[in-house]
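**Q** The task is simple: from the sequences and hints, build the whole structure.
Number of protein chains: 2
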Amino acid sequence: MKFCSVCAHPVALSIPPDDNRPRFVCPQCGTIHYQNPKMVVGSIPVWEREGETRVLLCKRAIEPRHGFWTLPAGFMENDETTADAALRETHEEAGANIILHGLFSLLNVPHVHQVHMFYRATLLDLNYLAGPESLEVSTFSESQIPWDEIAFPTVARTLRFFFEDNKKVGRGEKYGFHAYDIDKSTKE
Amino acid sequence: MKFCSVCAHPVALSIPPDDNRPRFVCPQCGTIHYQNPKMVVGSIPVWEREGETRVLLCKRAIEPRHGFWTLPAGFMENDETTADAALRETHEEAGANIILHGLFSLLNVPHVHQVHMFYRATLLDLNYLAGPESLEVSTFSESQIPWDEIAFPTVARTLRFFFEDNKKVGRGEKYGFHAYDIDKSTKE
Chain A
1 MKFCSVCAHP VALSIPPDDN RPRFVCPQCG TIHYQNPKMV VGSIPVWERE
51 GETRVLLCKR AIEPRHGFWT LPAGFMENDE TTADAALRET HEEAGANIIL
101 HGLFSLLNVP HVHQVHMFYR ATLLDLNYLA GPESLEVSTF SESQIPWDEI
151 AFPTVARTLR FFFEDNKKVG RGEKYGFHAY DIDKSTKE
Chain B
1 MKFCSVCAHP VALSIPPDDN RPRFVCPQCG TIHYQNPKMV VGSIPVWERE
51 GETRVLLCKR AIEPRHGFWT LPAGFMENDE TTADAALRET HEEAGANIIL
101 HGLFSLLNVP HVHQVHMFYR ATLLDLNYLA GPESLEVSTF SESQIPWDEI
151 AFPTVARTLR FFFEDNKKVG RGEKYGFHAY DIDKSTKE
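Those protein sequences? They're chains A and B, same order as listed.
The first sequence maps to residues 1 to 188 in our numbering.
The second sequence maps to residues 1 to 188 in our numbering.
Please keep in mind that the hints were generated in silico from the structure rather than gathered at the bench.
Note that the coordinates shown come from a computational prediction; the quantities given were computed from them, not determined experimentally.
Wrong hints could be hidden among the right ones.
Just so you know, same-sequence chains aren't split out, so a pair can sit in one copy or run between any two.
Below, computed lysine-lysine pairings styled on DSS-like, alpha-carbon distance capped at 27 Å [stated by the list, open to error]:
id, residue 1, residue 2
1, K59, K184
2, K38, K2
3, K167, K59
**A** See below:
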């Protein structure tokens, strides 16, 4: 940030009164330009038939991580809820018909100023269709997941949590809620 | 937003290629200025002694809702995790020594472009002290909570969820995780 978005004057880094960290402040109009983390929200679309559990993944048609696989997810928009965002992204990226269940994972990625959240979802049919941001959409059982080609550590971690819980659910337990912090060195 | 923060040229609302909603776009340098919801994160500092459960609240010394009571909470900053934010805000607003437990509630407030989150916490001692953003800090049992003077619906709702769960925990159950959507008409 170089210029004030309110008055176009060059901004300067300074610590405002009653604050304790440097902000971009406009010396002309006084506006303080706060910068805060963003939410990336998506779903885990699950297809369960005859004892087999499969999860829908999208092959990314965009950077970053073009060609790698991800759960459908994207930046939450103003005026929507986290559930709205998960449904919208799943529809946009995978054209998938889902029912959303509870929030399953929340993963902090502080070095890129993001918090990722994933909802469990039931995939209602296999009529999915890659949207403009996806090269391909497919469903994978745990053993079929391309673990070496997963786009982001938050997705790999959520998939690990999901398949662990899925086995427990098969033994009569419930799905949990999973919080996890990713740092620069986290591979998955 | 009137001017580009990268080059100071006036921005215009337009739908970028491969997008589906209007964004502030700079016609000079091409920067798309996305605007996304912010996270407000805090804690529920709990003091339990001799069968009584009390929760710490802060009386706000700042707008909005000056003079009303809130759980300690504030905007999450870049480079921190949600748990970091909850600890920092509790320390800044209440000078309180706490141990953080699991995420307890997540409340969408789409009409103000916010998501609020509260962690359960154990208050370690009663040596709290109002910070610059608080007029007063005190602990309240359920019957003492000033329900008509709670600053925000997300705080009232989280307190209701907390005391409901607290009774269940007394009967051997576990604390849950609570998601809730607030709209303009929600009083608490």
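**Q** Run through the hints listed earlier and report the numbers of any the structure violates, in increasing order.
**A** Failing hints: none at all.
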